[in-house]
Amino acid sequence: MMEWYWIFALICLGILVFFASGTPVAFSFGLLNIIFLYIFCGGWPALSIVTFSAFSGIASFVLVAIPMFVLMGDAITFSGMANRAFNVIDKLLGRLPARIAVLTIINAMMFGAVSGSSMACTAAIGKTMIPEMLRRGYNKILAIGSVIGGAALDILIPPSIIAVVYASIADLSAGKLLIGGILPGAMIGGMFILYVIIRAMINPKLAPSYIPQKVRTIEKIRSSVHILPLLFIFFLVMGLIYLGVATASEASALGAGGAFLLAALMGDLKWSSIKESLTGTVRVSCMVFLIIMGSKAFGQLLAYTGVTANLAQIVGNLPVSRWWILIGMQVLVTFLGCLMDPTSIIFITIPIFNPIINLLKFDPLWFAIIMMINLELGCITPPFGLNLYVAKSISPKEISMMDIFISIFPFALMHMLGMVIVMLLPDFFLWLPNKVIK
Amino acid sequence: MEKVRGFLISIIKKFDWLLNSSALLAGGVIGLTTLIVIYEVIMRYLIKRPTTWVNDISEILLVYCTFLGSAWVLRLGGHTKVDILIVVMKKRGQMIIGIIQDLLSLFFCIVFTWISWASFWDAVITQERTAGGLFSVPLWPVYIVIPFGAFLLCIQLIRQIVDGFVYLSKGRPEESNAHAEGRAE
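Sequence order for the protein chains is C and V. In terms of this note's numbering, the first sequence opens at residue 25 and continues consecutively. In terms of this note's numbering, the second sequence opens at residue 111 and continues consecutively.
Simulated from the structure, these hints should not be mistaken for laboratory data. In this text the structure is predicted, and so the values were computed from the model without any measurement. We put the CB at the ideal spot given by N, CA and C, even for glycine. It is possible that some hints are incorrect.
Claimed, not checked - Facing chain C, a subset of chain V residues (Cβ under 8 Å, in silico):
no., residue
1, G137
2, V151
3, N165
4, S168
5, C175
6, G188
7, I196
8, W250
9, Y253
10, I256
To be verified - Simulated DEER-style distance windows between Cβ atoms:
no., chain 1, residue 1, chain 2, residue 2, range
11, V, I220, C, N111, 50 to 56 Å
12, C, I63, V, V247, 34 to 40 Å
13, V, V247, C, L383, 35 to 41 Å
14, V, V272, C, A44, 35 to 41 Å
15, C, F433, V, R159, 54 to 60 Å
16, V, L128, C, W68, 45 to 51 Å
Could you build the full structure based on these sequences and the hints that come with them?
This is the structure we're talking about:
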């Protein structure tokens, strides 16, 4: 038997080679698992772990929330509920500096509150808001930045698919993690809004102000009705979780059912759109679940070969403050975030990080929130932040990749600032999730 | 030659049909999961008679959804990959790397089909049941979908590898336009 650190080095090398070759992440994990289990854990019999983890990894009630959230978001989008709600916000927002940029960020956050995928949000919000801002003479850097920055918040703002995946891999309560994302998400979103307003006040050329169509107060009140379905679904899901009436999975199913019911009541439900939502959901779920299967076996591989325990021991006994270790882990995640997508990062790092943070006596929920902010940062950091490429694909031609890279810089900084604030004030950010009634 | 070609095309069409129907079935499975979970909440809070089977069945349905849909998702190119190195390559290089990726994936899928079939067969012989408190079902009907899905993945990968070689030798794939369209989506 080899020393554990050699095995660990080989595993890291394996990940690097398979991932870099562009083999789908799910199959890369699978290959890694069967090769290492065969060599280090006793040949063919050990491979039954792979089948077992295919079953035990996927057959977990927490994961029900993933397809449900996707379905719910789909129903809200195709029924036009989302669009109508955006129009309401447009009417309610008075005269503000950088008005459309603020509107974009709020819309992106709201879209996040119903969809749970930051890529879908970047595409959907960007398609309508970027041309609108450019038409009004907004600076293109500010315009793009507010779309990408706002959309990135979707990982934090519930319902978030990434939060469910994280909770399932790290054995946390999905409900608590979803609720825990609300406060930091709102805080960072608030920073974004303040930032665009201040930029526009200092230099009005960046965002020429215009006089929005005058809307009478009575009209404002009347149109507000259109925001109710969205609020209803959001509070149905989050409220049920918060009150402990239903688990995250049950609440998400009710949310999906509720969204379809509302769509049907408003006469927007067609057979073809049901079919489309369901197959779209299959697409997302299969992708995530197949990786989860590989990742479960990967965690067991690390445990059996002794890597997890030994590594946690060594890192835990490093002669430095535990805060440096925490910062080191976050730097690693930020670095990985530049190279790959958030789900893959969770699958690689959590089996290794979890024992370490337990040993260092950090609160796992708090750590999860910090990780999620960091994963958001990963979605928008060059060169390989996926959302940047999504933004490029839906932007007008005159916007170059370089513009996009520059545009996200202040928003990335604010994400980092948010991370530091959450690190410094654990009690404040854990207050809400710990209030969840069990 | 023409006959062989016609035969191949009809097989490919049948396989496409199989993938599409599996995907639709997977979608149906998701719909069913939604309904039974809602049913459970209603039974528990309104009628005060919680069910014993909803949690376990919905977990099993997730496994079904995954393995019914995976090969279809693969055809759409929907499985996440890290394409740092690939995006900077020329078209031909991308095709070659694509074949290598598919070969690596195929290796895993063949082993996986084999071991999951072994587990399935094991479950048939031992009549093993799911570990459930109040509710337990035989394990083999759950396990059977795993080798089925893995087998579909193998076939789809073989098809992509063949397409890749055809492209490299001729310039562009002829036999499976449907596949090319699927990938372009």
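The hints, checked one at a time:
no.	hint	in the structure
1	G137	3 Å, holds
2	V151	5 Å, holds
3	N165	5 Å, holds
4	S168	5 Å, holds
5	C175	6 Å, holds
6	G188	5 Å, holds
7	I196	5 Å, holds
8	W250	12 Å, violated
9	Y253	7 Å, holds
10	I256	6 Å, holds
11	V:I220 / C:N111: 50 to 56 Å	53 Å, holds
12	C:I63 / V:V247: 34 to 40 Å	35 Å, holds
13	V:V247 / C:L383: 35 to 41 Å	39 Å, holds
14	V:V272 / C:A44: 35 to 41 Å	25 Å, violated
15	C:F433 / V:R159: 54 to 60 Å	57 Å, holds
16	V:L128 / C:W68: 45 to 51 Å	30 Å, violated
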